Each structure stands twice: as structure tokens, then as C-alpha cells.
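> Each chain is listed here by its residues.
Number of protein chains: 2
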Amino acid sequence: MKFSIDRRYLQDKLSTAARAVSPFSPLPALSGILIDVREDRIVFTGSDSNVAIQTAITPGEMNRLQIESTGSVCVESKYILDIVRKLDCDTVGMELMDYTLVRLTTENGTFNINSSSADEYPFIDFSRPQGHFVLSPDEFRQIVSSTAFACSDKDSRPVLSGVNFRIAGNELHCSGTDTYRLARKTLQLNQDQTFDITISARTLNEVMKSLSDSDSIDIFADRRKIQFVFGKTIIQSRLLDGTFPPVDRIIPTEFVSRLTVDTQELFRAIDRTNFMKNDNVHLIKLDCSEQAVRIKVRAAEIGNSDERLKNASWTGEPMSVTLNGSYVLDALKALKGEQTEFAFSGQLKPIRIMDTKDASTLMVVVPVRSFD
Amino acid sequence: MKFSIDRRYLQDKLSTAARAVSPFSPLPALSGILIDVREDRIVFTGSDSNVAIQTAITPGEMNRLQIESTGSVCVESKYILDIVRKLDCDTVGMELMDYTLVRLTTENGTFNINSSSADEYPFIDFSRPQGHFVLSPDEFRQIVSSTAFACSDKDSRPVLSGVNFRIAGNELHCSGTDTYRLARKTLQLNQDQTFDITISARTLNEVMKSLSDSDSIDIFADRRKIQFVFGKTIIQSRLLDGTFPPVDRIIPTEFVSRLTVDTQELFRAIDRTNFMKNDNVHLIKLDCSEQAVRIKVRAAEIGNSDERLKNASWTGEPMSVTLNGSYVLDALKALKGEQTEFAFSGQLKPIRIMDTKDASTLMVVVPVRSFD
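Read top to bottom, the protein sequences are chains V and L.
So in numbering that gives the first Met the number 0, spot 74 of the first sequence is number 73, and the numbers just go up one at a time.
So in numbering that gives the first Met the number 0, spot 308 of the second sequence is number 307, and the numbers just go up one at a time.
Read the hints as simulated data drawn from the structure, not as lab findings.
Any given hint could be a false lead.
Pairs count within a copy or across copies, as identical chains cannot be separated in the list.
[As the list claims (entries may be wrong)] List of simulated lysine to aspartate or glutamate pairs, EDC-like, C-alpha gap at most 16 Å:
{"no.": "1", "residue 1": "LYS276", "residue 2": "ASP81"}
{"no.": "2", "residue 1": "LYS309", "residue 2": "ASP87"}
{"no.": "3", "residue 1": "LYS77", "residue 2": "ASP221"}
{"no.": "4", "residue 1": "LYS309", "residue 2": "GLU106"}
{"no.": "5", "residue 1": "LYS309", "residue 2": "ASP5"}
{"no.": "6", "residue 1": "LYS309", "residue 2": "ASP124"}
{"no.": "7", "residue 1": "LYS85", "residue 2": "GLU264"}
{"no.": "8", "residue 1": "LYS77", "residue 2": "GLU300"}
{"no.": "9", "residue 1": "LYS77", "residue 2": "ASP270"}
{"no.": "10", "residue 1": "LYS284", "residue 2": "ASP270"}
{"no.": "11", "residue 1": "LYS85", "residue 2": "ASP270"}
{"no.": "12", "residue 1": "LYS284", "residue 2": "ASP305"}
{"no.": "13", "residue 1": "LYS231", "residue 2": "ASP11"}
{"no.": "14", "residue 1": "LYS276", "residue 2": "GLU67"}
{"no.": "15", "residue 1": "LYS208", "residue 2": "ASP137"}
{"no.": "16", "residue 1": "LYS231", "residue 2": "ASP39"}
All values derive from a computational prediction rather than experimental measurement.
Working from the sequences, and respecting the hints, build out all of it.
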């Protein structure tokens, strides 16, 4: 195995593969990146046994890749990335000296890194699942930023730690929930499909970090695994087992009152009372009437507050509702619009939160019973 | 106690006082900021019992401070800072409602924070020590950035965790050492003085963060404490007990050989081998002759490297010397010059490291015995 390449391209490919590498990997070999030099390309693979990333580079004018001989090796991810990032040269040579010694060569120096044989790297099946749909990077980012935050971070029900992608006809519904709140993004696809899969939020965030703007994303999935393919990179992950809860049922559809707010004003008003927590939970009370909308917070040991929203309007009977402040902040952050509508079905019923101008994203938050 | 003030000025004063507040304070009252409203000014005090900061504000056109009634209270530092930072208003009112309830008032809201009585705040003696000298903010920054990093971070000899300021005549010598290396900055003062005090590196870094560009710093000290006074702010700290070691003796003055390097080139060459550590120590070997200067690193389990410096010159007999790489990196970072000179007195003797164009800063690093 021997090749030379533009340093920045090598760094880019190693960084992409390294995204899947975890320092807490169960298998020691997985702390490395598998570098497989073939006749016409170099393939880089990184994995933490749940998520695997494979990316390739072929000789081109810009990357100045020259392959002298084939072969493969597994190099410790943090060592190789650190040195390739810090080298001062334009072109770097890489060579396997014996079974496990990798030599990097620059104009002025040589760097030998003890590595391990490619045989020790576990086999990862990158065969392509059958189901297929396409998203633009922008659509994908919208989905992740408006749903992944609502997933559960507890291990008790693994399926809730992911976003459910359900396609029926040409409609894609993406839902994240931890049972106290729901975040949903709906998109139209170009072709009809049937899918019902749940993808770990961690995988989705990894894919988002690896995306470049120019690519469309081909998504291949079956019941076991999913592949995101863009450019010369494949990110593959197991799907989460278990049945995703039937979240459609909790989305309220009939309303008795509505609150419209300036998104930024409400966000900042809630955020500045964030230190008034009871048992580490930030509860806010919305006191709504047609005359005024007030936010009241009371934390026994810390203090209390009462603030009137300047730009808010309420239609319906007066109502007081207590909510988890961080859920509302998360929802407002994800909606991003100028104005947000909270639609109420009645005391203690789930509340639907939406941008007033964009019906494709909706949040549902369940109120908290309050005793004051 | 009642006043109103421009929000940004209040935030600025609270942040300054809060710099001395530590969440790990031995006294619960010290997690607060003492706000003392007098007829003509408000005085803010924060302390962690070692370092204390006092800053004041008097009514002015810009800060719109209006004092309605005097009084004092101790408010939890993190709560008051958090809310004042996040308020949307220009002017904020603050009022003590009874002994311990502090009310902030804005156009649309009120925020009550449970606080504690000013009586619970410990007495801090801000009386002025007799000795006095003056530094410009730039001189002060130079001293801290070129000496504090070399102080010891171990508790075994407290005096080594500070920078020694020794004035004899009109020369100020500032020295930091952990016994393996020394960093020294020398400055000329305007007047003659005699001082020999050691100031904790933590205090110096705090003062550096609080400085604004326009002020000169008046430094008052006796054998027990030091005060840095600039604008309306006093930062006061105990001095470190113990005799600072006689570091002058280890600064070599006669040399048999000299190495001149491009500072950045050497820094980057050492930095990129940083992952090759033996028992978590990064040892580098400089192989010097008139023909070539090479850096060699060998870490049994990780690998080895050999790189030739392009822009380096050596005068003297060929020599190999092993150094702690992080000490050299620290020294080069502090020297900042384009070219750096390493002056050698002989094998295993302390090495003097200086910017080729600035004799006011010098570093001494002791070589490591190496067995290969």
C-alpha cells in the first residue's frame, strides 16, 4: 500500500470517516479508520458498530492522488487525524512499511505510526437496502432541526430515542416524541412510497454534520438498516427496534381558544426566568385573557416573576395553563417563525404549537397540573 | 434601598464583581454579590475569600442612575446576573422590598429574588496598603502572558503557584517557575522602589480579564495583600506566603552553542508530534549540528518521527538534547517573536530561550536525561 495525495483532501476524507468513530467503542479495532487502497480509489471506513461511515476518493486533478500500490491497514483515528491536520506540507505520502507500520512522508520528515492489520477490522456489510427515496440537504436539515430535539434521551424505550419517518403515498411525516411532547415535520415527496422506520437521533445529527450543500441525499432503507448516500460517502445505521407510538392520535384538531405571540418576545420572556426552577424543572404559568397575556413563574426558594407580553393576543375564555418552560423554548427555537400560535382544546389538554405562516411543522406539548 | 439604572451599566458592574465569586466558596454568603446603595454611589462587592473585587458607579448622563433610597443587600450572583443579562428593557429598577426580597422592575414585569441580608456578608478590609507602583495595561498583560503559564499547578509549594514581582531600583523582575522551567519578564519603572512579593497566578489572570484599555493600573501592596486599582474598580488579593526560590542563580550566562529557529516552524513541528507520548509526557530530541537541525520523537507504543527544520541554524559542536515538548511549546507561545534563540551551556545544563529581538523576556528550560 502506497500513495500520495493533497493533504487537505486526505484530512477531509479522514475527518468524514472519523465522525463515526467513538472513543468508547466496544471493539478496540473500531477506534481506528480502515484505509483500503484499491487500484482506482481509496476507501476510508469508520464505525462505532451502530453507525458506519464509508467514503472514497478517486484520482483527480485537484486532489493529486497517485496510487503506487494497493493494500489496506487500520490506523488509530485520533493519531492520524491529529498529524494530518497539523502537517505543513501540500502533498503527503502514505505507505505501509510492514504489516502494521504506517509511514507518512513529507518534504522534510517521516512519521511512523504503529497501526493494526486490516484483518482485525470487523466486516461491515455496506450492501444497499431496497427501499429508496430522495431528500434535498435543506429538507433533511429542516427535518432534523425540527424533530430530533424532542426525542427521548432515556434508554427505557429505545424507539423513542429516534425520529419516526412514515411515508404514505407521497407524504413524509417525521415525528419525534418523549411522550411529554411531540415534534412533527411533514414534507411532500416526488414519488409514492410506503415506509415506517425509526432512525436514531444521533445518526440523523451525524448525517447533518457530514452533509455538504451541493448534494442531494439518496436514502435507502429496509426493516433493519438505513443508508444515506451523498457524493462518495455512505452513512449507514441500524434502525431502532420497536413500534413507534401512534402519535397522530394525540395531535388535537378541535380548539376552544388560541394564543398568538411574537416568537422572540415569548422566547426571551421564558428564558429570563429560567433560573427559577423547582426541583430542577422550570414551570411557567401562562395567564391568558383578551385583556392581557402574562407569564408567571414561582420557585419557592428562589423567587417569582410576573411579566406581561406586549405583542400577544388571545381569543376565547380566560385560561391559566402551566407548562414546562424548556419544552416551550425548544418548540419556539425549532419553529423559528416571526409569530407562533398556541391552540388550546381545553384545560389540561395537549396544546398544538405552530408557526402562523407554516403548517408543515407542528409541536404538541402536554400541560402540567399545577396546584397554586 | 431603591434605584433605577441603564441595564447595560448594571450588567457591567455586576459582571465585574461576579468575577471574584466562586461556586465553591467556603461561606454561603460569598456566592452572592453585595450591593451597597449609598447617597452618591452604588458599591458592588464579590469575593471568594482569597480574591475580592469592589467596583462602584456614580450617577452620570450615560448610566441614567437615579438613587431614591440607600440600603444594602446580598443577591445570589448567578441569579441576578442571569436575569439582568436577559432583560429586554433599557432601564431597570431595583428595590429591597423587605430585609431580603429584591425586586427588579421593568416596563412590563416584576421579578422578585429571594436574597440575604447584607449583615451576613463577611467584612472585607479594603484599606489601602502603603507600597505603590504603576503599570500600563499593556505592560501588565505582557507580564502575565509571559510568566503565569510557568507557575506550578501543584499545591505542594504554594509560593510556586504565583508570579514573583521583585523590584530593585527601577527594575521590575517578574518570575514564574515550577522548578523545571522558569519564565521571566523584566521591565523598567519610572521610580525607584523595593518590593519582593508573590502574587497568585489566578489573581493575575482575573485582573487581566477585568482590565479595560484606557486605564493605567495603580498597584498597592504590603507584605500581606495587594490591590490593583483602575477606574472605579479594586481587585484585592492575599499575597502568597513563603520565600520565592532564588531563580537568578539558574539563569545561565555563559554559552558554548546557540540554536536559532523560526518560531512558528519549530512550534508547529513540535505540536504535530504531540500525540507521541510516553507515560503522558511528550519528549522531543533536538539533534543539532551545523549541517542540520532535526526533531526526533519516539513513543514506544505509538510510533516515531524524524523531521528536519528548514529555517534553523546551529553554531557550536554537534549536540543532542532531550526536552519536554510542552515546556518548549509554552515558551515559544509566550515569546511570540519571529525568531527564537536557544542558548546552551553544555549537555544537560539549563537552556536559555529568548526572542532574538527582545531581551526583556527569557525562558529557562531544564533538559531531560534520555537513555536512547
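> Confirm or reject each hint.
Hints and how they fare:
no., hint, verdict
1, LYS276 with ASP81, "between (42 Å within a copy, 13 Å between copies)"
2, LYS309 with ASP87, "between (56 Å within a copy, 12 Å between copies)"
3, LYS77 with ASP221, "neither (33 Å within a copy, 50 Å between copies)"
4, LYS309 with GLU106, "between (66 Å within a copy, 10 Å between copies)"
5, LYS309 with ASP5, "neither (57 Å within a copy, 21 Å between copies)"
6, LYS309 with ASP124, "neither (58 Å within a copy, 46 Å between copies)"
7, LYS85 with GLU264, "between (45 Å within a copy, 11 Å between copies)"
8, LYS77 with GLU300, "between (46 Å within a copy, 14 Å between copies)"
9, LYS77 with ASP270, "between (38 Å within a copy, 14 Å between copies)"
10, LYS284 with ASP270, "within (13 Å within a copy, 54 Å between copies)"
11, LYS85 with ASP270, "between (41 Å within a copy, 8 Å between copies)"
12, LYS284 with ASP305, "within (9 Å within a copy, 66 Å between copies)"
13, LYS231 with ASP11, "within (12 Å within a copy, 51 Å between copies)"
14, LYS276 with GLU67, "neither (64 Å within a copy, 32 Å between copies)"
15, LYS208 with ASP137, "within (12 Å within a copy, 41 Å between copies)"
16, LYS231 with ASP39, "within (14 Å within a copy, 70 Å between copies)"
Consistency with the previously given hints fails for numbers 3, 5, 6, 14, ordered from lowest to highest.
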